[in-house]
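Asks: If you want the building blocks of each chain, they are given just below.
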Amino acid sequence: MIVNKPTVLLYTIAANPRRLRDVCAGIEEEGVLYEVKEQESGDLETLAYLAANNSMLGSGIGIVGDAMALQIKGMPMGSDVFVLRHPTAEQCRHLGANSARAIKKMPFKEDA
Amino acid sequence: MRRIAGVDIGNSTTEVCIGEVGNDGSLRFLSGASRLTTGTKGTLANVYGIKSALETAVAVYGGRIEDLDVIRLNEAAPVIGDTAMETITETIITESSMIGHNPSTPAGAGQAAGTLLAFDHLESAQAGIPYIVFVPSQYVYEHVAEEINRYAGKLTIAGLILQADEAVLVENRLQHPLPIIDEVRRIDKLPEGKLAAIEVALPGQTVHMLSNPYGIATLLKLNAEETRLATPIAKSLVGKRSAVVIRTPGGNVRENVIPAGSIRIEGDRDREVSIDEGADKIMAALHEAGDIHDISGQPDTNVGHMLSRIKSGMGEVSGESDEHIRITDILAVDTLAPVSIAGALAGETCMEKAVGIAAMVKTQQLPMQQIADRLQQELHVRVIVAGVEAVMASIGAMTTPGTALPLAILDMGGGSTDAAVVDEAGRVTLTHRAGAGELVSMLIQTELGLGARTTAEQIKKYPLAKVESLFHLRLENGEMQFFENSIDPRLFGHVVLITPEGFVRIDEDIPMERIVQVRREAKRKVFVTNALRALTHVAPGHDLRRVPHVVLVGGSAEDFEIPGMLTEEFANYRIVCGRGNIRSTEGPRNAVATGLVLSSLGDKSL
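Respectively, the protein sequence lines represent chains A and B.
Each number in the numbering used here corresponds to the 1-based position in the first sequence with 5 added.
Each number in the numbering used here corresponds to the 1-based position in the second sequence with 25 added.
Because the hints were derived from the structure by calculation, they are not lab data.
You may find that some hints are simply not true.
[Said to hold, decoys possible] Derived EDC-like pairs (lysine to aspartate or glutamate); straight-line CA-CA distance at most 16 angstroms: (1) A/Lys10 <-> A/Glu40; (2) B/Lys486 <-> B/Glu546; (3) B/Lys491 <-> B/Glu533; (4) B/Lys491 <-> B/Glu504; (5) B/Lys76 <-> B/Glu91; (6) B/Lys491 <-> B/Asp513; (7) A/Lys114 <-> B/Asp513; (8) B/Lys491 <-> B/Asp532; (9) B/Lys179 <-> B/Glu148; (10) A/Lys114 <-> A/Glu95; (11) B/Lys76 <-> B/Asp398; (12) A/Lys110 <-> B/Asp534; (13) B/Lys486 <-> B/Asp584; (14) A/Lys78 <-> B/Asp398; (15) A/Lys114 <-> A/Asp27; (16) B/Lys378 <-> B/Glu302; (17) B/Lys378 <-> B/Asp359; (18) B/Lys491 <-> B/Glu501; (19) B/Lys387 <-> B/Glu348; (20) A/Lys114 <-> B/Glu533; (21) A/Lys114 <-> B/Asp534; (22) B/Lys491 <-> B/Asp534; (23) A/Lys110 <-> B/Glu493; (24) A/Lys109 <-> B/Glu493; (25) A/Lys110 <-> B/Asp513; (26) A/Lys78 <-> B/Glu493; (27) B/Lys378 <-> B/Asp305; (28) B/Lys491 <-> B/Glu538; (29) A/Lys114 <-> B/Asp532.
[As the list claims (entries may be wrong)] Among the chain A residues that face chain B by a calculated CB cut under 8 angstroms, a handful are: (30) Gly83; (31) Val86; (32) Phe87; (33) Phe113.
Note that beta-carbon positions come from the ideal geometry of N, C-alpha and C, so glycine has one too.
Please model the entire structure based on the sequences and the hints provided.
Replies: Pasting the structure below:
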């Protein structure tokens, strides 16, 4: 039997490693598990959309290089909850925290 | 055939009603309109609002202002109200001795005591002494965890205090779990070398050692006298998920009781009552005093400042000198206010006892005639000041279906609660009482610790909901509401107000249930108390039961829960009480304007 872990999924293509690390730290601080999966192809919106829909928790993040998007299952493709093109370290933390908070039903942290 | 306009200038809105009197003396209402009052009620600035309301009203039936035969203005009640709030206890912690807050994600659990040590002084620390290490935000979590792990064998590290929001990140990388508190903003204020106790509660629980004076005594080895001094700290840590208490010899914590002072009531019988005794005693003394001449506070006390501030504020509005301003009624309400603790490190607050007071001042007649003259000059229509406001409101209220004489009206506005009774012979008895919508807003604002008065005003007006997902929200009555399109993510997880313009987010992190409770309690304390007070005063023989009908008019009658509260309360006295429905169409608004038009029928001078 294949059991999916309850995780936030991160679908990435050539993600900036420092930014990715900050996103993961944001999720971890909120006490939620995550999985990073490198993808072969797809644009930012598609990655985020697929990540959210494949995540058992219904929360996913797409990262392409520096750019990243947070998506929640049920939202139509293209209408991401948050999109960051050139995020700062703090914004990455917040995006990660918000992906977890979407599951915990807590208010989102807002970008400084 | 003549066209008559009634204009009612209220504190917040200006209401207009236009009627047509046929040659046979029959009256037909043409239209009504409502606009925000421009400027303070009773000043020339009101003219703009009146013109705008008249334009809207005549446009309804396609007429012109010039074709009106007469405009009748209300004789505004010569009272203005104001409110003030004063705390009567205060907690001061000198030399910063505590942190108590609810970071969203502390880590570890348990309590520990030790000497405070800065993170960059780890190498100079001595073995065998328990330490609580504090870490400024410039250090990254990986580095922090690595260093703590490295020193764990050599030093006794009992707990961590972090400035950054990284408690879980650090804890996940530690070899030995520790209680960790994060998001401590003023970490620079921690006194190194002093003894400190920290506690992180288990998930779902609150701190139990540091919210207990004897718990603090156990961890910090306090004697009986020191334990007594630490009690206010324990009190303010009740309900927190994490806390730090620092022992600073020489520094101490006091719970100051500010001399709250007493209120002097000059009336038929003079009375003096101390604020400490609470709102009930004050209101009882007020009742005993009979007709009030003036109310003042003991000089150089909180209440003294409070009442003199109200008087000078009123002086500015009415343009009279302070000594001529007399407070003729007050409404005192007990409340609690979150006051930030002097000397706390993370912006902690403590609920302090406070009293809210609404005061009412009788002024000389407002210069309505000046407004009438200016309006006549600008519009070229005859303008007259006609009729006392409460009498006009009573006449207007009688157009509500299902009413009969004797009839009482209760006009609950922003500053004052007015009541009038019309008996079968048409005689009117009226009263004005301090305290109405503005006092409710103030109580909501202070009790919830809101930054802005406008938020409190909106909480007063609109029902609440919690945004539980991007597609649904839970209303305050437990119902769920679902949406086809997603809700703005900025609202997610927050409590929002459902206003006609859409959702308004409440920024403060307060549970919805608490807001509902505070809102209802504030309305009950002010409106139910005042409705009973005012109606008892005007009822024949001061007997409430002799008033069979009570019609609610004015702004607060439009509230979504106040009329219900009053209907329930008055049902106990077998009184029919409900929101007015002026001319069967206007709801509780427009009573005075309608009364002004109606009363023109009996006015022979026209």
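Asks: State for each hint whether it applies.
Replies: We went through each hint and held it up to the structure:
At most 16 angstroms may separate the alpha-carbon atoms for a hinted pair to count; A/Lys10 and A/Glu40 meet this at roughly 9 angstroms. Using a Cα cut-off of 16 angstroms, the hinted pair B/Lys486 and B/Glu546 holds, with the two alpha carbons roughly 14 angstroms apart. For the hint linking B/Lys491 to B/Glu533, the alpha-carbon distance of about 13 angstroms falls within 16 angstroms, and the restraint holds. Proposed proximity of B/Lys491 and B/Glu504 is supported: the alpha carbons are some 11 angstroms apart, at most 16 angstroms.
Among the hinted pairs, B/Lys76 with B/Glu91 is consistent with the structure: their alpha-carbon atoms are about 12 angstroms apart, no more than 16 angstroms. Among the hinted pairs, B/Lys491 with B/Asp513 is consistent with the structure: their alpha-carbon atoms are about 13 angstroms apart, no more than 16 angstroms. The straight-line distance between the Cα atoms of A/Lys114 and B/Asp513 is roughly 14 angstroms, inside the 16 angstroms bound, and the hint therefore holds. A C-alpha spacing of about 12 angstroms is found between B/Lys491 and B/Asp532, which places the hinted pair at or below 16 angstroms, so the restraint holds.
Distance hint between B/Lys179 and B/Glu148 is fulfilled; the C-alpha atoms sit about 10 angstroms from each other, no more than 16 angstroms. For the given pair, A/Lys114 sits about 11 angstroms from A/Glu95 by alpha-carbon distance, which is consistent with the 16 angstroms threshold. Note on B/Lys76 and B/Asp398: the hinted pairing holds, with a Cα-Cα distance of about 14 angstroms set against a maximum of 16 angstroms. Note on A/Lys110 and B/Asp534: the hinted pairing holds, with a Cα-Cα distance of about 14 angstroms set against a maximum of 16 angstroms.
In summary, the hint linking B/Lys486 to B/Asp584 is supported, as the alpha carbons are separated by about 6 angstroms, within the 16 angstroms threshold. At roughly 66 angstroms between alpha-carbon atoms, A/Lys78 and B/Asp398 are farther apart than 16 angstroms, so this suggested pair is violated. With a CA separation close to 15 angstroms, the supplied pair A/Lys114 and A/Asp27 stays within the 16 angstroms bound. Our distance criterion of 16 angstroms between C-alpha atoms is met by B/Lys378 and B/Glu302, whose separation comes to about 12 angstroms.
For the proposed pair B/Lys378 and B/Asp359, the alpha carbon gap of about 8 angstroms is at most 16 angstroms, so the pair holds. Only pairs whose Cα atoms come within 16 angstroms are accepted, and B/Lys491 paired with B/Glu501 is accepted, the gap being roughly 8 angstroms. This hinted pair checks out: B/Lys387 and B/Glu348 have alpha carbons roughly 13 angstroms apart, not beyond 16 angstroms. Of the pairs offered as hints, the one joining A/Lys114 and B/Glu533 holds, with about 13 angstroms between alpha carbons and a cut-off of 16 angstroms not exceeded.
Distance restraint check for A/Lys114 and B/Asp534: the Cα-Cα separation of roughly 13 angstroms lies within the 16 angstroms cut-off, and the hinted pair is therefore satisfied. The straight-line distance between the Cα atoms of B/Lys491 and B/Asp534 is roughly 12 angstroms, inside the 16 angstroms bound, and the hint therefore holds. This hinted pair checks out: A/Lys110 and B/Glu493 have alpha carbons roughly 6 angstroms apart, not beyond 16 angstroms. Taking the CA atoms of A/Lys109 and B/Glu493, the gap is about 10 angstroms. The hint holds against a cut of 16 angstroms.
Restraint check for A/Lys110 and B/Asp513: satisfied, since their Cα atoms lie roughly 14 angstroms apart, inside the 16 angstroms limit. Proposed proximity of A/Lys78 and B/Glu493 is supported: the alpha carbons are some 14 angstroms apart, at most 16 angstroms. Restraint check for B/Lys378 and B/Asp305: the C-alpha separation of about 15 angstroms stays at or below 16 angstroms, so the hint holds. Distance restraint check for B/Lys491 and B/Glu538: the Cα-Cα separation of roughly 10 angstroms lies within the 16 angstroms cut-off, and the hinted pair is therefore satisfied.
Taken as a hint, the A/Lys114 and B/Asp532 pair is honoured in the structure, with Cα atoms around 12 angstroms apart against an allowance of 16 angstroms. Because the closest C-beta pair between A/Gly83 and chain B is about 12 angstroms apart, greater than 8 angstroms, the hint is violated. With a cut of 8 angstroms, the hint placing A/Val86 at the interface with chain B holds, because the nearest CB-to-CB distance is about 5 angstroms. At its closest, the beta carbon of A/Phe87 sits 7 angstroms from a beta carbon of chain B; the interface hint therefore holds under the 8 angstroms criterion.
A distance limit of 8 angstroms between C-beta atoms decides the matter here; for A/Phe113 the minimum to chain B is near 6 angstroms, and the interface restraint holds.
Going through the hint list in order, the structure does not satisfy hints 14, 30.
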